[in-house]
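Protein chains: 2
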Amino acid sequence: MDYQESDFNLTNYLNDKKELINSELDKIFKDFASSSHIVTAMKYSLMAGGKRIRPILCLAATEAVGGNLESTLPASCALEMIHTYSLIHDDLPAMDDDELRRGKQTCHVAFDEATAILAGDALLTLAFQILSSPVNKKDSQALVLLNVIHVISIAAGYKGMIDGQMRDIISEGALLSLDDLENMHALKTGALIQASIRCGAVLGNGSQEQIKLLGIYAKNLGLAFQVTDDILNVVGNPAVMGKAVGTDINRKKSTYPLIMGLNESKEFAKNIINNALKAIELFDNKAEPLRAVARYILKRKK
Amino acid sequence: MDYQESDFNLTNYLNDKKELINSELDKIFKDFASSSHIVTAMKYSLMAGGKRIRPILCLAATEAVGGNLESTLPASCALEMIHTYSLIHDDLPAMDDDELRRGKQTCHVAFDEATAILAGDALLTLAFQILSSPVNKKDSQALVLLNVIHVISIAAGYKGMIDGQMRDIISEGALLSLDDLENMHALKTGALIQASIRCGAVLGNGSQEQIKLLGIYAKNLGLAFQVTDDILNVVGNPAVMGKAVGTDINRKKSTYPLIMGLNESKEFAKNIINNALKAIELFDNKAEPLRAVARYILKRKK
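Residue numbers (our numbering), protein chains in the order written: chain D, 2 to 303; chain G, 2 to 303.
It is possible that some hints are incorrect.
If several chains are the same, the list does not tell them apart, and a pair holds so long as it fits within one copy or across any two.
The calculated lysine-lysine pairs, modelled on BS3-like cross-linking and capped at a C-alpha distance of 27 angstroms, are [unchecked claim]:
no.: 1; residue 1: Lys160; residue 2: Lys28
no.: 2; residue 1: Lys44; residue 2: Lys220
no.: 3; residue 1: Lys220; residue 2: Lys303
no.: 4; residue 1: Lys254; residue 2: Lys279
no.: 5; residue 1: Lys44; residue 2: Lys31
no.: 6; residue 1: Lys105; residue 2: Lys52
These are computed hints drawn from the structure, not numbers from a lab.
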């Protein structure tokens, strides 16, 4: 797991990790040996072709501190379950009312609303079942796992992701100040991204200093991801992105290009990615995947 | 905490414990120092006057094995949060579509559907935050707490409470067999009641034998609770119960009186309460609250 910038291939890395995560998720669902209605709906959304960004960042953080991927893999799957549950609930008619996600019907369309609500609930609950699972329960690891559960529950909770979604709904149609926009995103998507990286570092036995620096990296990365998302919604190519552009303007959504201007948004994204890279500049080559992800965010077309 | 049957006053006991739990819940919400929209909705439903049966059973199980209530109190509050989240989601229009609960507007009526979905999500997540909270994190306790989180997440999850609710929705209008009815209730309400008692015993450092016997008690108690609930829906006094009776028949719900007959249901309830009492007959007087709860279930009028 020693990487050189020159020969580091991010596409291969992302594909390898995605495969690792998907096969672990498959294994978890196979262990269930259940084909109940609720499990069918959970699997439908969990295996709907997500990019696995959060679990990959979690694994990459473990690598960056020189840790062992095996002890991080279940937690990374739990993070993807929490992400998926939040998408299922956000897509509901009472929330964003979306019928398609990644070209597939959303859970409440493919099944029904009641099933979608319960499938989301069940994925959130399953995440904590996985995190507290006996296979992980070596005595010395128990306190670390309890810490990880605490970090994730705070990030996903009423002061993190859920508050972000609540603010997003409440502010619909209103033009936010730059501060409010940043706060909303920091909660809605930033909190779980930060938690993913922190948990990867903690499970990899990173030092306090490493965990702190990765926290700065994570904060800037999460923000940059949102800013470039907003930019792509203005200038992206629908054919490449596989989804419509211009939807934010149509929905009167507060975005970075709208509030600070398109060129200023691009400059801003560049600056915060530099902050992310600077935070981990003293890490060795094992942090190359995290650096490559950060650089990629500026160049991404989808 | 030594009780004698002759002078044991269940009403006082339930009131004392309820006060203890409510003041701990108040403390948890005060520590939040947050008055966000989502927290207001969470508090609204959590403090809407619940009977606190699950946390009380959890505390009583700790007492029954001679344990210390202090280390069980946070977990008992977490159990009530999980129970409340399940009620908020079950009441949603896409599920049971109930507008009133305990004489108050349900969460989605008092606020709106999006807020209710998120408030439920947030209470479920908060439960795991409380269970993994630093105040509980003595090294020796970490493995116990991880075990408790695992037991609760399984009971509340896709093979427990959530599957029960799913089956209840799917089977609406169909007459269930006695086996299917029992399975559905064992999942929908039984699983979390059993987990409450198990966690109380585990946190109170009960022996494996004690935990096993309390498991038998819990299984029978949960079932008896449901049977008597169905009976009251036929023969209860609406003025005493504070809610309508005869609603199960109107909704064509499968119930014990409908499937096995009213008198047979009463006999059945008596038998399973006897099983519950028999399981803990060798426990000393510290189990008197659990015995009194079991006896009360047969006599309850609401």
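Results for each hint:
For the identical chains of this complex, Lys160 and Lys28 are inter-copy neighbours only, at 17 angstroms across copies versus 32 angstroms inside a copy, given an alpha-carbon limit of 27 angstroms. Proximity of Lys44 and Lys220 under a CA criterion of 27 angstroms is satisfied in neither setting, with 30 angstroms inside one chain copy and 30 angstroms between copies. Taking the shortest alpha-carbon separations for Lys220 and Lys303, only the intra-copy value of 21 angstroms comes in at or below 27 angstroms, while the best inter-copy value is 52 angstroms. For a Cα distance limit of 27 angstroms, the shortest separation of Lys254 from Lys279 qualifies neither inside one copy, at 32 angstroms, nor across copies, at 63 angstroms.
Taking the closest pair of Cα atoms, Lys44 and Lys31 come within 27 angstroms of each other only inside a single copy of the chain (11 angstroms); across copies the shortest separation is 38 angstroms, beyond that limit. Taking the shortest alpha-carbon separations for Lys105 and Lys52, only the intra-copy value of 14 angstroms comes in at or below 27 angstroms, while the best inter-copy value is 43 angstroms.
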